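Asker: Listed below are the residues making up each chain.
Number of protein chains: 2
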Amino acid sequence: MTQINAEEIKRISDKNMDLFYDYLRLESVSAQGRQINQTAKAVQALIENIGGESEVLELKGAHPVVYGFFEAGQAGDSDKTLLFYDHYDVQPEDPLDEWNTEPFEPTIKDGILYARGVSDNKANFMARINAIEAYKNTEEGLPVNVKFFVEGEEEIGSPHVNDYLKAYSNLFAADVCIWESGSKDSKERLGISAGIKGIAYYEARVTSADIDMHSSLAAIADNSAWRLVQALASMRNAKNEITVDGFYDMMTAPTELEKNVLAEMPFDPNASKQTYGLKHPLITDQLPYSPEEALVFYPTLTISGLLSGYTGPGAKTILPRQAMAKIDVRLVPGYEPDKVTELLRQHLDKHGFEDVELNLITSVMPFRTNLEDPFVKTVIDSAKQVYGEDKVVLEPNSAGTGPMYGFGKYLNVPILGSGTEWEKSGAHAPNENIRLADFYQGVEHMVVLLDSYKHS
Amino acid sequence: MTQINAEEIKRISDKNMDLFYDYLRLESVSAQGRQINQTAKAVQALIENIGGESEVLELKGAHPVVYGFFEAGQAGDSDKTLLFYDHYDVQPEDPLDEWNTEPFEPTIKDGILYARGVSDNKANFMARINAIEAYKNTEEGLPVNVKFFVEGEEEIGSPHVNDYLKAYSNLFAADVCIWESGSKDSKERLGISAGIKGIAYYEARVTSADIDMHSSLAAIADNSAWRLVQALASMRNAKNEITVDGFYDMMTAPTELEKNVLAEMPFDPNASKQTYGLKHPLITDQLPYSPEEALVFYPTLTISGLLSGYTGPGAKTILPRQAMAKIDVRLVPGYEPDKVTELLRQHLDKHGFEDVELNLITSVMPFRTNLEDPFVKTVIDSAKQVYGEDKVVLEPNSAGTGPMYGFGKYLNVPILGSGTEWEKSGAHAPNENIRLADFYQGVEHMVVLLDSYKHS
Chain H
1 MTQINAEEIK RISDKNMDLF YDYLRLESVS AQGRQINQTA KAVQALIENI
51 GGESEVLELK GAHPVVYGFF EAGQAGDSDK TLLFYDHYDV QPEDPLDEWN
101 TEPFEPTIKD GILYARGVSD NKANFMARIN AIEAYKNTEE GLPVNVKFFV
151 EGEEEIGSPH VNDYLKAYSN LFAADVCIWE SGSKDSKERL GISAGIKGIA
201 YYEARVTSAD IDMHSSLAAI ADNSAWRLVQ ALASMRNAKN EITVDGFYDM
251 MTAPTELEKN VLAEMPFDPN ASKQTYGLKH PLITDQLPYS PEEALVFYPT
301 LTISGLLSGY TGPGAKTILP RQAMAKIDVR LVPGYEPDKV TELLRQHLDK
351 HGFEDVELNL ITSVMPFRTN LEDPFVKTVI DSAKQVYGED KVVLEPNSAG
401 TGPMYGFGKY LNVPILGSGT EWEKSGAHAP NENIRLADFY QGVEHMVVLL
451 DSYKHS
Chain U
1 MTQINAEEIK RISDKNMDLF YDYLRLESVS AQGRQINQTA KAVQALIENI
51 GGESEVLELK GAHPVVYGFF EAGQAGDSDK TLLFYDHYDV QPEDPLDEWN
101 TEPFEPTIKD GILYARGVSD NKANFMARIN AIEAYKNTEE GLPVNVKFFV
151 EGEEEIGSPH VNDYLKAYSN LFAADVCIWE SGSKDSKERL GISAGIKGIA
201 YYEARVTSAD IDMHSSLAAI ADNSAWRLVQ ALASMRNAKN EITVDGFYDM
251 MTAPTELEKN VLAEMPFDPN ASKQTYGLKH PLITDQLPYS PEEALVFYPT
301 LTISGLLSGY TGPGAKTILP RQAMAKIDVR LVPGYEPDKV TELLRQHLDK
351 HGFEDVELNL ITSVMPFRTN LEDPFVKTVI DSAKQVYGED KVVLEPNSAG
401 TGPMYGFGKY LNVPILGSGT EWEKSGAHAP NENIRLADFY QGVEHMVVLL
451 DSYKHS
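So the sequences go chain by chain: H and U. Mapping of the first sequence onto UniProt numbering: residues 1 to 456, in sequence order. Mapping of the second sequence onto UniProt numbering: residues 1 to 456, in sequence order.
With the rest of the complex left out, here is chain H:
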């Protein structure tokens, strides 16, 4: 057990608050390319400021990745290296008029710190910096080697993470990895994810004519909107099962351990219904698996957008020349975007929809840590020490997507998340925030985890 107590953690965190505020003030909006290089240098300075080595790495056409390194202390275990994944970029701050404070002027009200990017993901990076600094004042020093991979394109889909990992696999070599985030639910339980779903996102398009026609011609001319609607409808049945041949065959069956972990995940279907005001029953009411299984183990096929013809008020009597759909497919282990594309294309062709163009816009591979890996227990046990025995929930993977795959492929590390968010953090939304108490606790978890990992 580490000798660093909660008082010391608060002291260091408070001492570094000015540095944290300066970091939050940087408008590192990756989608708009704002203050990107400046923020990468600020990350480097935060690392070097507490005695770390750091380098700003650059690949052509990509935002920089910041490398950081801290060597284990005299009494530490220098054979073990833990890698932190974070990102210094943030979402755009709009809509501005829905903010109660200035997005890039960190403001504390009633124990809550508001700022764009504070929950996603600047506070987590800062918590890790604070935890490392806490060890500097101890006799033993840092328990294990620590590296950082801090990217600047997470909010735009991490298009170059794998390029960086491939180019710098030796530099980032590590044994285990702690991911950017982790959030407390409505019952104050910290969720720890051991993976993510992948994604294959498509634009589907049908063109039926060179120009929009008068709709009286619908008596004889085919209609792009009808073609697209019929093609889409052929891919999912009324019970919400995906009807693309071979689609479910790609699933890697969950292990017994994964099933057991899932069985212990708390799930309240009413929470989503209330939060989002759902008007329909959950689709899993008609599916042969539970909502928890759906969120963790099953792929999805979602229409994220539809556009064709006239969409304004009132009536316009046209036969639209073109129709478009955005299709979001979430992938679980066993799925590869290219294979999904192939199956969707085969399905469309087989059902007579050769005229439906299908273009893969973006894709991310799924990733799930082997839950047998001892690091899983290390992370969970250390979290329970900090948050409480019944206040930590492991999930085999989250329902969302992130760039984990390359870390597994190029660094071969188990990956688990831990973070300082809560259910009302509002990542990507106005009034993004964290609770200060969660921040201190997040620092503490990192302190305990580094020590636990040394002794594991």
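None of these hints come from the bench; they were simulated from the model. One should not assume that every hint holds.
Just so you know, same-sequence chains aren't split out, so a pair can sit in one copy or run between any two.
Unchecked claim - Restricting the straight-line Cα-Cα distance to at most 25 Å, the calculated cross-link-like pairs of lysine-lysine (BS3-like) are:
1) K350 <-> K239
2) K259 <-> K384
3) K60 <-> K41
4) K316 <-> K279
5) K80 <-> K316
6) K316 <-> K273
7) K187 <-> K166
8) K424 <-> K109
9) K424 <-> K316
10) K15 <-> K377
11) K316 <-> K339
12) K10 <-> K454
13) K279 <-> K350
14) K377 <-> K80
15) K377 <-> K391
16) K10 <-> K136
17) K259 <-> K391
From a predicted model like this one, the values you see are computed outputs, not experimental measurements.
Following the hints, position chain U against chain H.
Answerer: Using the frame of chain H, we list chain U on its own:
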């Protein structure tokens, strides 16, 4: 046979060209309420200018309708009254940058007169005025009584035509009616329609949540876009048959005469394919009736618009809270909009789509003149005199829609169209035009028709 020759028709038409130009200069865009009252007064003046009686009628909340009356001459048949239907309103002129001339400054180039509204429908009104004036200089005078119904809301769906007809059914009482338009096809044949299709235009909407959600929740939450797509797809099969129970049962079976008339309608499927650049085979290739039958005798069910979720460039991973479709149903005799609404609603409910809202936005009843009516032969024969024996094509009704129904209901008249348009007139489009030669011929047809009607 009238004694008015082509030379006299040209002389009068040319004499009135300044008046015609002034009429074309009026920016009577009904959708924008521009110069509406001013144009109604101009119509009244054009009628009074050649000795007609006229009145500008007004109903609350409606654009005015201009009434006109010319009494049969001494040698005329004062027991017969022919009503002309025209409209003085025009479509908006945008996109302005696609015009080669000023839309409201009539311009002649190479025998073609360009102006917004010239083909739809100001030239036809002017041709009728010129034809009446031509009779003023004859000994016999006007062959029959002539009335005008000139409305100002045709381009916004004629929402008050039936109100005016109901309120002024005595004033507009007539025996026969000539409709606003008629166009020459690519082989210089004038099309004469004896009816129109009706329309029932809907907005369908599904709401699945109060807010857009992250698409990772698609694992458990239903999706408005999927619901709408599945509901729409249930209404039409892969062969493009409408699968709504009872939908085709409403059709009034075409008479033998209607079938015979249809059999003589020339139809070139390649013309539409080329004009619009169709990418698919005609849908009638898979239907048990011909393209001509589809255009004239069959109803349609068209998706005119689709909107849901994210429709911009690239990817946005959302689960859309709402999805909307515009649905355009064209009606043939036997169909009533309210009955169509009832069948569509029943269909949705029966297939489990109670969650799909369906709102009727606008509707027009179908109308088809009884082809046995002797006026049909009068109009066709008089047209053949002017255009040539093999240059006139009768169609039982057009594939498009117009406000004929009220004229049939309140005035009980047979209705046929004749006009001065050609295949490149571009009604509603930039560079709207007519050929001057067609205009003189249109005047001539009206001259011959009035005389033929007297003697019929």
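Asker: Within, between, both or neither: how does the pair K187, K166 come out at a Cα-Cα threshold of 25 Å?
Answerer: neither (40 Å within a copy, 67 Å between copies)
Asker: For K424 vs K316, is the C-alpha pair at or below 25 Å within one copy, between two copies, both, or neither?
Answerer: Classified as between: cross-chain Cα gap 22 Å, same-chain 42 Å, threshold 25 Å.
Asker: Between the shortest in-copy and the shortest cross-copy C-alpha distance, which are at most 25 Å for K424 and K109: within, between, both, or neither?
Answerer: For K424 and K109, only the intra-copy Cα distance (14 Å) is at most 25 Å; the inter-copy one is 68 Å.
Asker: At 25 Å max between alpha carbons, let me know whether K316 reaches K339 within a copy, between copies, both or neither.
Answerer: between (40 Å within a copy, 22 Å between copies)
Asker: Have a look at K60 and K41 and pick one of within, between, both or neither, based on CA distance no larger than 25 Å.
Answerer: within (17 Å within a copy, 70 Å between copies)
Asker: Given a CA cutoff of 25 Å, do K80 and K316 count as a within-copy pair, a between-copy pair, both, or neither?
Answerer: Neither, since 67 Å and 39 Å both go past 25 Å.
Asker: Reference check for the pair K10 and K136, CA-CA at most 25 Å: within, between, both, or neither?
Answerer: The answer is within: 15 Å in one copy meets 25 Å, while 103 Å across copies does not.
Asker: Using 25 Å as the alpha-carbon threshold, which applies to K259 and K384: within, between, both, or neither?
Answerer: The answer is within: 21 Å in one copy meets 25 Å, while 83 Å across copies does not.
Asker: With identical chains, the pair K350 and K239 could be close in the same copy or across copies; at 25 Å between alpha carbons, which is it: within, between, both, or neither?
Answerer: Both: 22 Å inside a chain and 16 Å across chains, each within 25 Å.
Asker: Measure nothing new, just compare the shortest in-copy and cross-copy C-alpha distances for K316 and K273 to 25 Å and report within, between, both or neither.
Answerer: between (36 Å within a copy, 22 Å between copies)
Asker: Check K259 against K391 for me: Cα-Cα at most 25 Å, and say if that holds within a copy, between copies, both or neither.
Answerer: This pair counts as within: shortest intra-copy Cα distance 20 Å, inter-copy 78 Å.
Asker: Are the CA atoms of K377 and K80 at most 25 Å apart within a copy, between copies, both, or neither?
Answerer: within (16 Å within a copy, 99 Å between copies)
Hint violations for this structure: numbers 5, 7 and 10, all remaining hints satisfied.
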